[in-house]
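A.B. asks: As a plain string of letters, each chain reads:
There are 4 protein chains.
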Amino acid sequence: MYYEMQYRVPYADTDQMGVVYYANYLEYFERSRTEMFRQIGMPYSQMEKEGFFMPVAEAHCKYMGSAHYDDLLTFRAYISEYSRVRVKIVSEVRRGDELLVRGYVVLGCVNSNFKIIRMPQSLVDCCEKCFYDPEADK
Amino acid sequence: MYYEMQYRVPYADTDQMGVVYYANYLEYFERSRTEMFRQIGMPYSQMEKEGFFMPVAEAHCKYMGSAHYDDLLTFRAYISEYSRVRVKIVSEVRRGDELLVRGYVVLGCVNSNFKIIRMPQSLVDCCEKCFYDPEADK
Amino acid sequence: MYYEMQYRVPYADTDQMGVVYYANYLEYFERSRTEMFRQIGMPYSQMEKEGFFMPVAEAHCKYMGSAHYDDLLTFRAYISEYSRVRVKIVSEVRRGDELLVRGYVVLGCVNSNFKIIRMPQSLVDCCEKCFYDPEADK
Amino acid sequence: MYYEMQYRVPYADTDQMGVVYYANYLEYFERSRTEMFRQIGMPYSQMEKEGFFMPVAEAHCKYMGSAHYDDLLTFRAYISEYSRVRVKIVSEVRRGDELLVRGYVVLGCVNSNFKIIRMPQSLVDCCEKCFYDPEADK
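Protein chains in written order, with my numbering: chain A, 116 to 253; chain B, 116 to 253; chain C, 116 to 253; chain D, 116 to 253.
Calculated directly from the structure, the hints in this document are not laboratory data. Among the clues, some could well be false.
[To be verified] Simulated pairs of lysine-lysine, PhoX-like, Cα-Cα distance not exceeding 25 Å:
hint : chain 1 : residue 1 : chain 2 : residue 2
1    : D       : Lys177    : C       : Lys203
2    : B       : Lys203    : A       : Lys177
3    : D       : Lys230    : C       : Lys203
Just so it is clear, the structure is predicted and the values come from calculations on it, not from any experiment.
The following block holds chain A by itself, in its conformation from the complex:
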């Protein structure tokens, strides 16, 4: 299933066009995937304690609408692909039913020396809990 959380847009996130600055959506993606990982039992801070990190290898955003100051947004995150070496997480930002931004990040897995490693099986098992295929849901 997917994970959802809400977020109130502060002044800090806007730019002079009166909308949320485009780079901030990548911060929004981080907030939602952090909470998603927490919910599936693998908080990111625990990963770091266990000695592995999940750096972003790739990020993508498609901007379909604009969020404004004080909007109460809904962030959705889910895992669309995963293996022992990478996880692809889709993130969506909505205001009510309106989809404003959709994107994804691809995370790799490294140890504390930034050497690429395979993900622990415990993490792979957790991924299943937030695996979601929007097509299958229709």
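Please build the complex by placing chains B, C and D on the supplied structure of chain A, with the hints as guidance.
C.D. replies: Coordinates of chains B, C and D only, in the frame set by chain A:
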């Protein structure tokens, strides 16, 4: 031709992994395309005075290496595609010869009411000046 | 009385010292005073619709401890002084009972042309609801 | 003497009021004091290699004017007070001759375990090079 500028990484841009936080590269892309537009004779602030805006429709980043605090980075920007309705700008971040991040943004064109419009011919003409095809350069 | 809200520290807010970067506390202050104004019946977005703005004239932060990634912080905000021309808002950041940062901002009042004006009486009346004197509370 | 550098305001730094968001000035202060420390022969990255850090204990900003997108600002930084345990650095932001923001930070000195220590004498010696008293300059 492409445009290049330099940038010193401040503490503000780093995260606790000791590297530049991934969303900040989209700010870096903005800095380099702003200067690119200025250099080709179409500063972004002038576009806004003339009543058109270039919102980001799509953004993409591929992270191949990490930038660190106090690194002196080189930002490269060039136009890889353009038409009357959109411009695709490639952005690259290097430390010395090492390519750390490559990405692109696709800009549309809107008027002050956020209605999609065709780009003024004057802007299209400017785009030619920073059009660049890395393949043709080899 | 004072207003309180909670906030989870994202990776985006940390720096390479492994703590929240010092400038981010001013964003935290904004988040808490926005919610405080909403709670006392004068949401900031409504102020803007009514044609007045409350720019920051002065800001101060005292850093006593460090917040870390994934900390669940408590932001407290209250009005310590107010008149027809300015409002002073104290902001505090705690992790549990530990006070990490205390600061304040002084807000003025301007119209949409950035001309200084007196605050509407309706806003002044609202200020009373979040007026708080920590000394009197002891 | 004081140190000065220039900075071009990106879109990222603005908010929907059309001006630089107030927290960003603390990032500007960091940029200017980093370059100031580099110029006086004690780059911050070298301090960290030598095992000491200079966390911010206090920060203050007074906002007298607004910076806008694409403004070419001048950042000035100088040391107004220093001892073995703390350094006070004044930062000013100007557009041409117009002083927009003045503030200061007070830095302490800690080791890599965040224990407060005395500054190395070599750093204290460097401080003299950027000590400046605006009153004495009149």
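A.B. asks: Between the alpha carbons of B/Lys203 and A/Lys177, is the straight-line distance 25 Å or under?
C.D. replies: holds, 14 Å
A.B. asks: Going straight from one Cα to the other, do D/Lys230 and C/Lys203 come out at no more than 25 Å?
C.D. replies: violated, 33 Å
A.B. asks: Given the proposed pairing of D/Lys177 with C/Lys203, does the C-alpha separation stay at or below 25 Å?
C.D. replies: holds, 14 Å
Consistency note: the structure conflicts with earlier hint 3 alone.
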